[in-house]
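Visitor: Since the structure of chain V is provided, determine the placement of chain D on it from the hints.
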Amino acid sequence: KDQVFQPSTVASSEGAVVEIFCNHSVSNAYNFFWYLHFPGCAPRLLVKGSKPSQQGRYNMTYERFSSSLLILQVREADAAVYYCACYQAGTALIFGKGTTLSVSS
Amino acid sequence: DTAVSQTPKYLVTQMGNDKSIKCEQNLGHDTMYWYKQDSKKFLKIMFSYNNKELIINETVPNRFSPKSPDKAHLNLHINSLELGDSAVYFCASSQDEGSEQYFGPGTRLTVT
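Protein chains in written order, with our numbering: chain V, 70 to 174; chain D, 958 to 1069.
Hints were generated in silico from the structure; no laboratory data involved.
Don't take every hint at face value.
Said to hold, decoys possible - Partial list, derived from the structure: chain V residues whose beta carbon lies under 7 angstroms from chain D:
no. : residue
1   : C110
2   : A111
3   : L114
4   : G118
5   : P121
6   : R126
7   : Y156
8   : A161
9   : F164
10  : K166
Unchecked claim - Computed Cβ-Cβ distance ranges for the label pairs, DEER-style:
no. : chain 1 : residue 1 : chain 2 : residue 2 : range
11  : D       : N1036     : V       : D71       : 23 to 31 angstroms
12  : V       : R126      : D       : R1020     : 38 to 46 angstroms
13  : D       : T959      : V       : S119      : 25 to 33 angstroms
14  : D       : T1067     : V       : G84       : 33 to 41 angstroms
15  : V       : Y99       : D       : V969      : 35 to 43 angstroms
Please read all numbers here as calculations on a predicted model, not as lab measurements.
In this text, a Cβ means the ideal position worked out from N, Cα and C, and glycines have one as well.
Looking at chain D on its own, in the form it has when it is part of the complex:
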């Protein structure tokens, strides 16, 4: 059983489009995250949700909007995609804020 899953694994789209990436965890965790891994492999936190409430919102353009329909899901919506949004996006979850995080396999987004 996959603990943290993301769909799609690959996403190729054109500038200006709107896209979503879905994340689901079956670990019963209370906290979920989105990270962006840039071309230099740097993993940077974007958002953190605890029990469906936003608790961390780093300096991310407001074109990015996380949505948590329930505790097991945290989806990432991106509007008006730009070339610089091309990256690998990782979803993760943990039991609480300070616990170890379990990652999904990542979604490689390519904006052309």
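Bound-form chain V, shown alone:
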């Protein structure tokens, strides 16, 4: 079955580098998408691609069936839900169940 897997929660301390891991079993999926979601707001794309990439404090690692989102110098304001998704050709984005990041000061 085509699925995307990610941990339900990750905890970090301010100033640290936090890693959120994702892997998938989606056939014919080559791109990862990482979204940030604050409840009540629109999910927002952070980084995407089929190779390692960086957007500001957000780094994405890439392997064929897995990716990690690395958030540098994490802040309390980064506490939110992070979604990993893969695009399966001919269908749509398949999302993981989201990882809730908590940040302690």
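Guide: Same frame as chain V, but now just chain D:
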């Protein structure tokens, strides 16, 4: 300017009623989507439209019917609402099927 907008933001209604959620995008995108986010925060695709034509219809009760009057709009009609329909519904759009998707802020539907 809001790229993808949804109305209403909150919708409280009783079982058995019929309701609609509207979605509009001003990005000039060709593809629009509806997702359902359940109580466990799982985002699941319901429908996808490309240039006003349905291209994805996941296993969704036929009480749910998307309608696309033009490329910029994709509305969701729900008939005979049930308690299990309570969720947050997100609209999204993308330039084409494999491109990044831009989401609306969601509509929280509560069925009592």
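Visitor: Taking the closest Cβ pair, is A111 of chain V under 7 angstroms from chain D?
Guide: The hint holds - A111 of chain V has a Cβ within 7 angstroms of chain D, the shortest such distance being about 4 angstroms.
Visitor: Does R126 of chain V hold up as a contact with chain D if the rule is Cβ-Cβ below 7 angstroms?
Guide: violated (19 angstroms)
Visitor: Next item in the hint list is A161 of chain V. Is there a CB on chain D closer than 7 angstroms to its CB?
Guide: holds (5 angstroms)
Visitor: Using the Cβ atoms, figure out if N1036 of chain D sits within 23 to 31 angstroms of D71 of chain V.
Guide: Holds: the Cβ-Cβ distance is about 29 angstroms, inside 23 to 31 angstroms.
Visitor: Return the status of the interface hint for P121 of chain V: holds when the least beta-carbon distance to chain D is below 7 angstroms, violated otherwise.
Guide: Violated. Min distance 17 angstroms.
Visitor: Holds or violated: the hint that Y156 of chain V contacts chain D, with Cβ atoms closer than 7 angstroms.
Guide: This interface hint holds because 5 angstroms falls under the 7 angstroms limit.
Visitor: How does the Cβ-Cβ distance of Y99 of chain V and V969 of chain D compare with 35 to 43 angstroms: does it lie in that range?
Guide: With Cβ atoms ~42 angstroms apart, the hint holds.
Visitor: Under the criterion of a CB-CB separation shorter than 7 angstroms, is G118 of chain V in contact with chain D as hinted?
Guide: violated (10 angstroms)
Visitor: Does the CB of K166 of chain V sit less than 7 angstroms away from some CB of chain D?
Guide: holds (5 angstroms)
Visitor: Should the interface hint for C110 of chain V be scored as holding, given a Cβ-Cβ cut-off of 7 angstroms against chain D?
Guide: Since chain D brings a Cβ to about 6 angstroms from C110 of chain V, closer than 7 angstroms, the hint holds.
Visitor: Holds or violated: 25 to 33 angstroms for the Cβ distance of T959 of chain D and S119 of chain V?
Guide: holds (30 angstroms)
Visitor: Tell me if F164 of chain V is really an interface residue toward chain D, meaning its C-beta lies closer than 7 angstroms to one of theirs.
Guide: holds (4 angstroms)
Going down the numbered hints, you'll see the structure goes against 4, 5 and 6, while the others check out.
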